[in-house]
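Build out the structure end to end from the sequences listed, making use of the hints.
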Amino acid sequence: MLSVTGLTKTFPGARALDGVDFAANPGEVHALIGENGAGKSTLIKVLTGVYQPDAGEIVHDGSPVRFQTPLEAQHAGISTIYQEVNLVPLMSVARNLFLGREPRNRLGLIDFRRMHGEADEALRSLGLRVDVKRPLRTLGVGAQQMVALARAVSVDARVVIMDEPTSSLEPREVRTLFGVIRMLKERDIAVVYVSHRLDELYEVCDKVTVLRDGKLVHTGPIAELDRLRLVSLMLGREMGEVSGEGVTKFTGDHHAGREPVLSAQELTVRHTLHQVSVEVRPGEVVGLGGLLGSGRSETAKAIAGALPPDSGKVVVAGSAVRTGSTPAAIRAGISLLPEDRKAEGIVPGLSVRENIALAALPGLSRFGLVDDAKVDKIVDTFMTRLRIKASGPHQKVGELSGGNQQKVLLARWLAMQPKVLLLDEPTRGIDVGAKAEVQGLIDELADEGLGVLLISSDMEELIEGSDRVVVLKDGAVIAELTGDDVTEDRLMHAIAAAPESDAELKTVAPDAAAIVAPGSAPAPVSGPAPVDKTSSGGERDHD
Amino acid sequence: EDDNSDKSSSAGEKDSGQVVATPGADDKTCDITQFGGEKIDLKSATVGFSQSEKEANPFRIAETASIKAEAEERGIKLLSANAQTQFSKQISDVQDLIAKGADLLVIAPLNSDGWGPVLRSAAAKKIPIVTIDRKINATACKDYVSFIGSDFIEQGKRAADQMIEATGGKGEVAILLGAAGNNVTTERTKGFKDQIAAKAPELKVVFEQTGEFAREKGQQVTEQLIQSNPGINGIYAENDEMGLGAVNALKGAGKKAGAVKIVTVDGTRNAVQGIVDGWISGVVESNPRFGPLAFQTLDAFTKGEKVAQDIVIQDGAYTPENAKADLGKAF
Amino acid sequence: MTHTHTERPARATGSGPSPGKGASGKDTDEAPLGASRAERLSALAQQHGALVTLLLVAIGASIGFDTFLTGDNLENMAVSSAFLAIVALGMTFVIITGGIDLSVGSLFALGGVLGAWGSQYGTLVALLLPLAVCGLIGLVNGLLIAKARLAPFIVTLAAMLAARGILLAITDEGSNTYLVDEKSFFASLGQEKLLGIGVPVWITVALFVVGAVMLRRSRFGQYVYAVGGNEDAAALMGAPVARTKIAVYTLSGLCAGLAGALNAAWLVSGVTILGTGMELEAISAVVIGGTLLTGGFGFISGSLVGVLLLKVIQNVINQIGSLDSAYQQVVSGAFLAVVVIAQTWLGRRRRMM
Amino acid sequence: MTELALKGAPVDRARLLRLLQDYGVYAGVAVLLLVNIALTPHFLSTENFRTQAVQVAPVLIVALGMALAIGSEGVDLSVGSVMALSTSLLSLYLGYGPWVALIVAMLGGAVIGLANGSLIAFIGVQPIVATLALMVAGRGIALVLLPQLKDVRDPGMSSLGSGDLFGIPYLVLIAAALALAVGFTVKRTTFGRQLLAIGDSRPAAQLAGLPVRRVLILVYVIAGVLAAIAGVLATARLQASDPTSLGTLMELSAITAVVVGGTPLSGGRIRIGGTVAGAVLIQLLTATLIKHDLPPSWTQIAQAVVIVLAVYAARERGKR
Ligand SMILES: Nc1ncnc2c1ncn2[C@@H]1O[C@H](COP(=O)(O)OP(=O)(O)OP(=O)(O)O)[C@@H](O)[C@H]1O
Ligand SMILES: Nc1ncnc2c1ncn2[C@@H]1O[C@H](COP(=O)(O)OP(=O)(O)OP(=O)(O)O)[C@@H](O)[C@H]1O
Ligand SMILES: [Mg+2]
Ligand SMILES: [Mg+2]
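If you read the protein sequences in the order shown, they are chains A, B, C and D. Those letters in the first sequence? Residues 208 to 750, per this note's numbering, in order. Those letters in the second sequence? Residues 28 to 358, per this note's numbering, in order. Those letters in the third sequence? Residues 8 to 360, per this note's numbering, in order. Those letters in the fourth sequence? Residues 2 to 321, per this note's numbering, in order.
Please keep in mind that the hints were generated in silico from the structure rather than gathered at the bench. Note that the coordinates shown come from a computational prediction; the quantities given were computed from them, not determined experimentally. Treat the hints with caution; some may be incorrect.
[Claimed, not checked] Label pairs and their calculated CB-CB ranges:
1. D:Phe185 x A:Arg594: 13 to 23 Å
2. A:Lys581 x B:Gly281: 51 to 61 Å
3. D:Phe185 x A:Glu651: 35 to 45 Å
4. D:Leu181 x B:Lys283: 31 to 41 Å
[As the list claims (entries may be wrong)] Dumping the calculated DSSO-like pairs for lysine-lysine here, alpha-carbon to alpha-carbon at most 27 Å:
5. A:Lys584 x A:Lys549
6. C:Lys200 x B:Lys169
7. A:Lys584 x D:Lys188
Yeah, the Cβ is synthetic: ideal placement off N, Cα and C, and Gly gets one too.
The structure is reproduced here in structure tokens:
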């Protein structure tokens, strides 16, 4: 269907792809894995015309092709979800879903009624209930990712490529996604799937290709490889060295102090948070649990001053912090690793070095002049400690792979030596090796007496990493799990047990509800609706 | 140090008021029956005045002040608007004046062409228009009543005469043009060049660059000029400001007063002082004090008397001979 | 295949408010990104913030000056707004894509001169020549911006100089003004009235309707928003980014050229000194109308309101009668600031939700 | 062997392009100099270079402030009006001595900058409109303060305008010192880093706890003060305060100098050296056109072409 041979792509200072061969076949789900910066996204971008290869051949449908733009690739039947949500935030959900293939009436004008109806159905069949007329940016990253998914599968594609589609998804959405993938497979569509969550691969993938430093290191049926072998191929280390990697690196218990280092009291933000209270003691890792859009990110932002609360208090180490001001929160010792790293985290045009030093600058300066020696030292420390992979401290952060960008951000906050660290999806998009490092780091930091608030859609990570889990639903605290209660079962239970609120957006569609339970056998897919319906949307494209 | 330029605008000085150049009988005239309007009493009428540029250079300041002073003296209600050098705005301005109930209009046009909409509105209400300083390209006594102002071509010619005299009719001269696309610029250039070609073929115009009627620009252009054309004998500046800029440039380059002959047009106090100081060789006057003549014309016209269609004023000239004595007449 | 999907959202939701509540094709005209009621209200406030201000100023003016609300005055304002409005129409498209077009003032003047010159060969030439030349310059702008990836500000600044240069070149350095025959059909385009309202006003209204439909209801319009909202994402979603950009700059050039030609018909001459500062006027009108300069958000109708607002302010300053020209500037600057603050404030509240 | 070639080629080409991007504007200046030396009579003289340097000084100073504004993903259209305001204030307060007048003029610039910055930082008005409002109002205020051109006959001012130190005009020395200071600020100070981060990604800077508002306000205050200084210098040179025409279209010249010098309008990057070269390039171009006595139509078209060429050479590459 779609195959490449000898693909090479060089960026200034980095060879992202080096003679890679790869083939996606109809009805086959092909996993593409590798460390951060291995070249997965680059391969996908070269395949779909975002980048032009320096060498190599792309064959699609038996004839060599070279797409000049993503549009050409789409016309050739290749539909892609790129890493990091790539939609237009100011446009409505429906407009995003249908951009370029809007249903039109006889006059050639867009038929919004139909578009909204169809968009609503497409999302609903994926278990997402949102007002399709609201701007996309009002949705959380996870929900946006689902919209991107809906967009990708709703065209009549022959190849569907997904670059880390699950990085912000909850188990429930992941199940829905898998249902969709199986359906694509049944319809003889070739699927390329990139993920750092190895367990997922075994569930849906047939074949796996492993990249390392831009080179192909393995390709073959996934069933032939066990997890350990996969990891060792990715990392390029011996099996013995890596045994245990890929499992969370949390040790579990920490010795928490008694007085809370952070105490958020009754934070309320209109329409979003309702009297949310959270306490974190020094040396404690507190998890924030909940479904997509339950208000976890908002809680973290409100604490860090990035979202001004209408009422409520934030107290750090006994003294109240002015709310609604990031500098005040930071001065008080609160650091937030934001969820949307591309839009709110990195400063893409600045170097790795400057990004790491950014928040800590005032402390690294004298009389307003930057002390470069100090900066170099800190940057050096963290680049080694977090194993940030860059051509050097002066490379632009925008050019790093997603996982390495995340590490740079972590370094930025660790350089601040905060009292409380709010981590919103800290391991999102990070490879197994780095993930274990980050998790180990969280543990280490907690042991050093730091208070950590952890938000993660990786259920396992949340449960293993937290001493305590505060469960949110519809922007309110509905439960708190402590001690032995911190288990996946309990968490899911707490979420499911809470009385259904009347909030407009979070009602779970009946068919999707069944999917929520974790560990159960692959749930029935939420009907063949999405693909079916939207293929009709695809036909409409031509009128 | 005492600086007298800021208290210069003295419209009251009648002795420096405008004098009609050729009250000749052969000139075409216009009266209210010919024009097709009705007699009105000027005293009780509302006069609209549209100024083209900000009152920020001596010429415009003196012009507006003169109109306002005269209206006040005659006890006439005056509405005024300023187009801030934007032609579209001037068109709307005049229409606004008409809509506000102006019975008579005095317009200082920014441009000669493009007055169609205004003339149509005015014609519909039979509002007499007097244009001052610049002419409107339209039919006198039909679209408008009279034009009062200087003859810019003539000004250019007289400047050429002064230049010829100062340089002895030989050598190379440069022109500092006014703003591009402006008919004052065009006509002052044409008059100057025609006269030079006719009277002093040995005097060559070797350089023409715009100084946009501003002192700073005049200075900058002259600075470039005296380096690329070190042998230049004279500079004709189409207004005083640019001429004063040229003086600055020459001073800065270490030239002596009078080494390069400068002739300018307008007659501001600073320029005339420049003659006294020896830096400027001659200034052709362009008298901005239109108030008395404009209202005199309107008065006569509204009473039913005949007025000339083209009231060309007699501009004076400042030369080294009269500069000191006439300094008080400058504006 | 489609029959399985005829289910409408209203029916699908048994309990809870339907996500499609209040859905009616109209939301796109009223609140472009419409959603919850509060959000919609504030969107309305934002879009109509300029309109509300306009009404307030107009009401104040009609109370303060009895010559404000007269047929003549309104008609004058309408006709003289028409030309700026057409320019602002093109500018709206450009700004929504996140760009800017500084060349419109010069193109307006050039369009007028070409129209006046062309009118001696008939109305068709008088209209097509400015459209062709200004459209071509717009196209070049678009190509340089979309293909060579140069900053719109600089490219159109250069075009502003170049177009003025061309204008000077064809008018003998500005000394030559081409006149339009007052009896020609072309001149009547600028001067005739239809039902008591000037033809330019009708043309403007028609263009705005077409423009609004194009922006709101055509696929091209969606691309315009997408390119301005997030260019990279738009490209990855398969939007023809370069083509869209080229199209909007061409459109802007066409609008400026047409406005210039109509203006020449109105003035019955190709005035050479027109258009200076017009780009800033058009930009302020668009921004006052609620369009974000950062792109991705805006409306056509707002730009019209913005133009009218500027015109009314100018008229009010003239109504006051004898304000010194320096104070006039202070007043209009202050007013611009107030309007933009009000509008930004409304817009920000909306964005925070 | 082939592999080596493959490895080397694209990187080298990229490096070459980057070099061109970084030094394109200097190359442009060099080309113009060579053209002039070859074609323009009397070009190679100290007097001539002095003239060009003195003329470019005010533009450059304004451009320095503009570079900061542009680096913060903004722009300052009010600079020309600030020059007018500063010349008015200077004239009005010259009676109290040149230093007092100078300080008042700079304060005037700072106040306008503060107003710009507050509109942008606190209310969130888009820079181009915020500064447009002050561009209109600023010149109005200048004219209210000083309704017409006024001669400045202060010995201090006149020596500032035409004096020199070791043969280098004061104006040029001041401009050079300011360029160094601004360059240093961008490169070495916390403020500079924060400014670039804000210009590159405002949300990220906000979440990283940078004092976004303070930095933005400071940027526009600096831009205002620099424009005021330029106004004072222009006044000293002209020996007159001319609030009507001083600084008209200065915003466009300054923006052009900055962008031609390789600072992208999208913010996040500032090149002071490039800005200096950009200003010089524009100055040389103007001088060339004037010296060769080309008609205005030609001048405008030639300027357009050179601007596009220069920006084309310095354009941001590698973005897809
Ligand atoms: N635009 C660019 N400019 C320069 N270097 C780049 C660019 N894009 C990617 N790279 C480099 O290419 C290499 C591969 O990056 P890529 O994004 O393909 O990694 P990845 O496998 O997708 O990693 P991740 O799992 O973190 O997403 C990295 O070293 C990265 O720094
Ligand atoms: N599945 C969804 N259905 C409806 N709205 C959603 C959904 N997901 C997110 N949202 C919207 O996104 C907003 C932001 O949610 P927020 O980011 O706080 O959630 P979260 O708990 O952090 O989840 P995540 O970040 O994983 O999306 C919510 O106010 C909600 O309106
Ligand atoms: Mg990737
Ligand atoms: Mg979240």
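Hint-by-hint comparison with the structure:
no. : hint                            : in the structure
1   : D:Phe185 x A:Arg594: 13 to 23 Å : violated (35 Å)
2   : A:Lys581 x B:Gly281: 51 to 61 Å : holds (54 Å)
3   : D:Phe185 x A:Glu651: 35 to 45 Å : holds (40 Å)
4   : D:Leu181 x B:Lys283: 31 to 41 Å : holds (38 Å)
5   : A:Lys584 x A:Lys549             : holds (26 Å)
6   : C:Lys200 x B:Lys169             : holds (23 Å)
7   : A:Lys584 x D:Lys188             : holds (19 Å)
Hint 1 from the list above is the single one not met by this structure.
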